[in-house]
Amino acid sequence: ELKVEQNPLFLSMQEGKNYTIYCNYSTTSDRLYWYRQDPGKSLESLFVLLSNGAVKQEGRLMASLDTKARLSTLHITAAVHDLSATYFCAGNPSGTYKYIFGTGTRLKVLA
Amino acid sequence: GAVVSQHPSRVICKSGTSVKIECRSLDFQATTMFWYRQFPKQSLMLMATSNEGSKATYEQGVEKDKFLINHASLTLSTLTVTSAHPEDSSFYICSLPGLAGPDTQYFGPGTRLTVL
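Residue numbers (our numbering), protein chains in the order written: chain C, 3 to 113; chain Z, 1180 to 1295.
Don't read these hints as lab results, they were simulated from the structure. Hints are supplied without guarantee of correctness; some may be wrong.
[Stated by the list, open to error] On the chain Z side, residues computed to face chain C include the following (Cβ under 10 Å): (1) Gln1185; (2) Phe1213; (3) Gln1217; (4) Lys1234; (5) Glu1238; (6) Gln1239; (7) Gly1280; (8) Asp1282; (9) Phe1286; (10) Gly1289.
[Unchecked claim] Derived PhoX-like pairs: lysine-lysine, alpha-carbon spacing no greater than 20 Å straight-line: (11) Z/Lys1193 / Z/Lys1220; (12) Z/Lys1220 / C/Lys110; (13) Z/Lys1245 / C/Lys5; (14) C/Lys70 / C/Lys5; (15) Z/Lys1234 / Z/Lys1245; (16) Z/Lys1234 / Z/Lys1199; (17) Z/Lys1220 / C/Lys43; (18) Z/Lys1245 / Z/Lys1199; (19) C/Lys110 / C/Lys43.
Even glycine gets a Cβ: it sits at the ideal position worked out from N, Cα and C.
Modelling step: build the complete structure from the supplied sequences, incorporating the hints.
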């Protein structure tokens, strides 16, 4: 059974700083996904990582996937206040279309 | 535009009543939809897979008699919370996979249920 964990659970950082959110998963996952959620809202897709070594970047966010280590990272570069949100990674158990979400990381960027 | 809609967006009900939440696919037919529950400040937990024309598949620990799922058409799945109690208060989100496979997943806007 696929389990997905993230750390840290909470992250408070100053604007302009860099930080990394880690996502570990327990068994084989065909893919790894990153989502953003603003308070009271549904999910916004950020990245889809399809294979070992995949790296994707969008603005100040960069995601990577290491399937051998069962680890994905979401790196934040020069954080800005608008990045404050909760970030979830999710795995996809082999042979299914369902997602198993990580515990989430609540990010607060301080001005 | 939106691919998935949910109705209602918010609902408040009294303890002991039943509440129905609708999830509609707006752009294409969906044989499979997923229902998630999210308690405040927690992650999304998959409740069940809704299958058009057959019984839903529930995740371990989810009471199928309490959370009734009906996927009667290719564009509509409903989740009925029966005999709701305050501990059922949560954010319920449906999703459906895109036509090309699991990599594209469309999430609904969510339904906030508050049980008094």
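Any CB of chain C closer than 10 Å to the CB of Z/Gln1217? Where the cut-off is 10 Å and the nearest Cβ of chain C is about 9 Å from Z/Gln1217, the hint holds.
Given Z/Phe1213 as an interface hint, is the shortest Cβ-Cβ distance to chain C below 10 Å? holds (6 Å)
Using Cβ atoms only, decide whether Z/Gln1185 comes closer than 10 Å to chain C, and label the hint accordingly. This hint holds: Z/Gln1185 lies near chain C, its Cβ roughly 9 Å from the closest one there, short of 10 Å.
Decide if the proposed pair is consistent with the structure: C/Lys70 and C/Lys5, CA atoms, cutoff 20 Å inclusive. holds (16 Å)
Pairwise hint evaluation, C/Lys43 against C/Lys110, where the allowed Cα distance is 20 Å at most: Since the Cα atoms of C/Lys110 and C/Lys43 sit roughly 17 Å apart, the hinted pair holds (cutoff 20 Å).
If you take the shortest Cβ to Cβ gap from Z/Gly1280 to chain C, is it below 10 Å? At 7 Å from the nearest chain C Cβ, Z/Gly1280 passes the 10 Å test, so the hint holds.
Could you check if Z/Gln1239 really has its C-beta closer than 10 Å to a C-beta on chain C? holds (9 Å)
Does Z/Phe1286 pass the interface check with chain C, least Cβ-Cβ distance below 10 Å? holds (5 Å)
Restraint status (C-alpha distance of Z/Lys1245 to C/Lys5 at most 20 Å): violated (25 Å)
Pairwise hint evaluation, Z/Lys1220 against Z/Lys1193, where the allowed Cα distance is 20 Å at most: violated (23 Å)
Should the hint that Z/Gly1289 touches chain C count as held when the rule is a Cβ pair under 10 Å? Holds. Min distance 5 Å.
Straight-line Cα separation of Z/Lys1234 and Z/Lys1199 no greater than 20 Å? Roughly 17 Å between the alpha carbons, so the hint for Z/Lys1234 and Z/Lys1199 holds.
The earlier numbered hints that this structure contradicts are 4, 11, 13.
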